[in-house]
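Student: Going down the list, the sequences are from chains A, B, C and D. Numbering-wise, the first sequence is residues 1 to 429 according to the working numbering. Numbering-wise, the second sequence is residues 1 to 256 according to the working numbering. Numbering-wise, the third sequence is residues 1 to 129 according to the working numbering. Numbering-wise, the fourth sequence is residues 1 to 566 according to the working numbering.
Source of the hints: derived by calculation from the structure; they are not laboratory data. Not one of these hints is a red herring.
Label-pair ranges, simulated between beta-carbon atoms:
id	chain 1	residue 1	chain 2	residue 2	range
1	B	Asp70	C	Ala24	42 to 50 Å
2	D	Pro296	A	Lys241	46 to 54 Å
3	B	Gly147	D	Ser276	38 to 46 Å
4	B	Gly203	A	His45	56 to 64 Å
5	A	Asp219	D	Arg156	42 to 50 Å
6	D	Asp537	A	Thr35	21 to 29 Å
7	B	Asp228	C	Asp45	52 to 60 Å
Under the rule of at most 30 Å between Cα atoms (straight-line distance), these lysine-lysine pairs were calculated in the DSS-like manner:
id	chain 1	residue 1	chain 2	residue 2
8	A	Lys244	D	Lys239
9	D	Lys161	D	Lys258
10	A	Lys199	B	Lys244
11	A	Lys217	B	Lys143
12	A	Lys241	B	Lys244
Yeah, the Cβ is synthetic: ideal placement off N, Cα and C, and Gly gets one too.
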Amino acid sequence: MIIKDTVCPFCGCLCDDIEVTVEDGKIVATDNACTLGTSKFLGDHRMKSPIRRVGKEWKEISYDEAIDYTVDMLLDADRPLLYGWSGTHGEAQCVGVHMAELLKGVIDNTSSVCHGPSILAIQEVGHPGCTLGQVKNRADIIIYWGCNPIDAHPRHLSRYTRYANGFFLENSFRDRKVIVVDVRKSQTTNLADEFVQIKPGCDYAVLSALRAIVRGKGDDLPRTVGGVQREQLFRIVDLCKKAKFGAVYFGLGLTMTAGKYKNIRNAIELVDELNRHTKFTISAMRGHYNVYGSNEVNTWMTGYPFGIDFSRGIAFYNPGETTAVDILARKECDACLIVASDPAAHFPRPCIEHLAEIPVVQIDPYANATTAFCDVQIPVGITGIDAAGTAYRMDGVPIRTKKVLETAYPSDEEILGSVYARIQEVRQP
Amino acid sequence: MMRVSLAVRPRKKPTIPIEAETITPASFLEGAEIQVWRGNRELPLDEVFAVTIEGAADRPEDVEIVLSGDTSRMKRVGEYMDAGRIVIDGDIGMHCGNFMSGGVIEIGGNADGWLGREMQGGTIICRGNAADYCAAGYRGGRKGMTGGTVEIFGNAGDFAAENLAGGTVIIHGNAGDMAGVELHDGTLIIKGDCRRPCGNMSGGVCVIYGIAYDMLPTFRKMGTEIRDGREFLSFTGDIANRGKGNLIVKDCTYQD
Amino acid sequence: MKVMMNTGRTVDQGANVENKRSVAYRDETSTCFMHFFDMMELGIDEGENVLVASPYGRVVLTAAADDLIKPGTIFVPYGPYANHIIGGETHSTGMPDFKSTEVTVDATDEPRRTIYELMEELGGLPYDH
Amino acid sequence: MSEILIKNAYVIDPISGVNGETMDIAIRDGRIVEDVGGGAEVIDARGALTLPGGIDSHTHICGTKVNFGRYMSPEDMRAGRTARHGYMHATSGYSVPTTYGNSYRYSRMGYTTLLEGAMAPLEARHTHEEFLYTPLQDTMANALFDGNWSILEAIRDGDTKRVAAIIGWFLTAVKGFAVKLTNPGGTEAWGWGKDVTCIHNPVPNFEVSPSEIITAVVKANEMLRLPHSVHLHCNNLGKPGNYTCTMGTLGLIPDLNKKRQTLYATHVQFHSYGGSGWSDFCSKSEPVANVVNMRPQIVIDMGQVMFGKTTTMTADGPMEFNLYRLHHDKWSNHDVELETGSGIIPVLYRRKNLVNAVMWAIGLELGLLVKDPWQCIMATDNPNGAPFVRYPEVIALLMSKKYRDEEFATVHPDTESRVPLPAIEREMDWYEIAVMTRAAQAKALGIVDIGKGHLGVGAEADVAIYPVRADEVDPAVDYRKVIEAFGKTEYTIKRGRVVSRRGECLVDGNNTTIWVKPKISEEYNMANDPDFIAKFDRYYTVRMSNYPVQDEYLKRNLCIETEAEL
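Chain A extracted, bound-state conformation:
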């Protein structure tokens, strides 16, 4: 059986044109998907049943026992951390927020180690953005800054930018200019019409310089800024001002380097300035397929996109204090529920050392690095493959992912729903 227009649950592009071939209850082939998407659709080696660590052994347990353990762990904690969420659906994320609220815990999603800094910047200066189709149909200049879509969002160039023809661009490859700004050469820089190589840690200075040039103050600048000749910066500003519609896409090269969110703020303010001359937009290259959804859900339910601390009943937000890496590295939580992410693979060492010291439950289809630190792991269906639900694309467009496989695994939403119901029995009789 071939299922058309399937939504790929891998990255923030959320491509919805995938053809999936299912035979004998297994996905055997995909069409249109990139390497990343294909590997996810064809994934194997799922955990068979919930497991519990007993001393130096793993023991298989029932779903009920696993849920019991989770409930007790969460109710006992003074400051439970509920982390992950970006790899699951909005419906499950909503249950997570209700749970955090009732438990008086901290809920954070993977944006804190991804585009959390972009959100902090947006909270300072706003965000002139647009949907991806707006760029596809109109943009005659694209700037990729500190990102490498060929590796991280492989179809971004073909669906929306370099190779995508649109309403006002009949021959995209000819009519669009692509500028790539990065500290290193990459596959993406090879496709650029212009590559701006800057020294590591100099993004902020280069962005400030560009802003000054747009404002007509370029003559005050030194000859080189962050390894870039002033003439190249002038040329780029000239290209941008002449464009009819420009789009900046940025990645972790801006969010993770020194200055963090202030880099993004500077980039947004550059785009604000360019809007006085022509049309310009800027957007983050979001990683997980539904990380943006976790920001949306958290926002409408708590007012804040990530890093929300309900310890005092009301929602308190202060990334750097209420975000997962800080809480774990500072040992400020005493239990951790992990949903749809793998902090032991993706967090710095001190965080993992604390995970080893506190009770941990993970809800995830696969054994992963975090499994080693779990007291209990509960396997679930893979959202977007054996469970349907809502995901938000990197540009905020919500798309319903499909269920293409029938399996016996419960969904994240079902497991979390059971845990929440049990917590309600105790905390809200």
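Position chains B, C and D relative to chain A; hints supplied.
Tutor: Only chains B, C and D this time, still in chain A's reference frame:
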């Protein structure tokens, strides 16, 4: 005079933060039971501290609170304080002196992040180091500290005096990255070195007695001036931002 | 040799991210991409191991030459190996220094460990069913 | 079977023709009935003012743009934070509260039905998701068509039937309630950083003008026999001198519908500006109100501004950019491919700012100068003019000249020379307020027939009991009591259940989403139209099969099917 001594009792989970915005001179006048929070549990003050009160007072100006023991995870001490005195023997947790409008906080050791956040008046003295966002603002807000004085005798972390909109911040040691970023008004003085000061500055004054490493390219050099008998470089900016701030540095390097 | 460590996503890291027990994931995330000049200076060849250390820990990676990498820097695909030596400091922004950790790189005869060996070192219990 | 008997209610129910009668109201299974049995739960209203549940016919509470307003404003979220207690979830925010915050605060003010004013069709799923977390009010959404490429092309080709067919397809696909035009043509021009400057100014690349868009869509709307009329946000919002554009627009509209207006012009305050710039900025509420008075086919809402902090958000992207250039605070913009745009900025309306004071006056003037309260609806375009929690003050200002004068004394002194407000004596009575806050909304939205906005037998039992004796209190004098009473009901009853009592919300709630589905002949079914499909596939970034909002997003819903003339 009332003197309140708070000695931290040993804790089973010493790294779980305690939120104690109730520790201000004014709250001890009311005689009401004072509660603090450990994570999501509310506890009476004396479960966390051994409390000794000597003397009496009928206005906050006459109250002095002394904290001793491991207070490094006590958050929000002195929040909204308007008068009186808090003395902390050792280190203090985040958000000490948030929104403070009067009185004095003296910290013997180091202060954690957001010391004196959105402070409006009064004085904070920190003998050790202050972590990130000392005398800074809140997420998404346009104004950080608007009045009062913060004096750090050690070093400050990153984003010191971010969004400074009034008052004076003096750092005797070094400051980290992006000191005075988005500075609008008020004065920031750094006696040591720092990195990338005053990005996007729109007004106010920042004086750096050491070296400003990685100076931003968008500050226009106006000349030199003499301070304490030494020659300083004077800049105005940030010109990326129509800024009219004054940045005065002893010496600087660029990311070229 | 002192260098700056950058980390980031790669196709091979991403394609295997849901299967962390695979050899492909281990091989990709334990690769230390560096410039040929730096490898010469260390006296190592492609495929030989290097010991990378920071104040937070030490980890053995396999060197691979990549002329896109600037001398004086190394690139390690995002994952448990790189994180083994990255600190928890976020400058109070929530975001660690994934792209700028100062490390030392030296030639070594030590073997590269598996992901679960790394996890065991940090107090975890491998699950290999 | 659940039964409630409200005894001794002082009822004003304009649609049923009841004006201040003390009576009992019987409720069974969510509907108003003739009478109930002896076992019914009795609520003694003790003569308190009892009205049909409030209806907001233009508010921004759910969806992409609203949520972005929250997302970018952690400083706004610091206000209004409450912890979870009882059935109430935690809430945060003042001008853009969380969904629960909106729902609880509206409920305590007696509101039971809300219309989200602007939903980008491509992002409709988001609005519906948030509706699920707005549990205490029935919800519906206007779908945006101001820059829809297929519609612009059909208008250019002079094919109004095709315009109607396309609207029909989109409305059904996105489970929308009505047709919204926001700065028609201007949002498409904004795709290039431009705007349209008057209704006869052509839209770049599409060879149509705003006036052509408005007249064609108004006709199409009637062809589809939709319950509501076209819901229009005029061009040139917020610009000095824009009143001529507004009057020109209102002049375009024929009278096409016997049951209701043919055009709903929203937040007209923002469109009634005189002057050639900010220096001679002044009120033009009088000529605009006169046009409305002469044209029964028009209904407007006030778009009242109140002093204080708020967040402005609209699909009108270019307008928000202009506002950003005035305020220099943060600015967000979100253009939606092939459809529309949007922008958000925070603002602070100051009493001592002349422009802000004039804006404040214009809203009230419209309310007072439009003679028929059925033609002028009370709203602040929440949160653009002010957060809806300020409604009680707006009501009191309409009811009390004394209150208006006291407030006027505190605004910028030059305001007096720019506005007619001080000379207006009119003071609204309770009946007129009942019209302007629920009955007129129900009629304008076309939802009287499904039991909204009245308390007649068969109506949905949505009732608000306010703690005030309308027969004893003189609102012109005791306006403080008016503010207090409309701020917090004694009881809010939603579909026959007491959902809030003295400000406490008592149930988890279970709202209904109301949407429309025009029945269209196969000939005009766009799902089979090769050109429509081809363009969809080529230019959207979402597959056509994945575009429609699935049934899963409407847990409880009411579909109004219409017989389109197509």
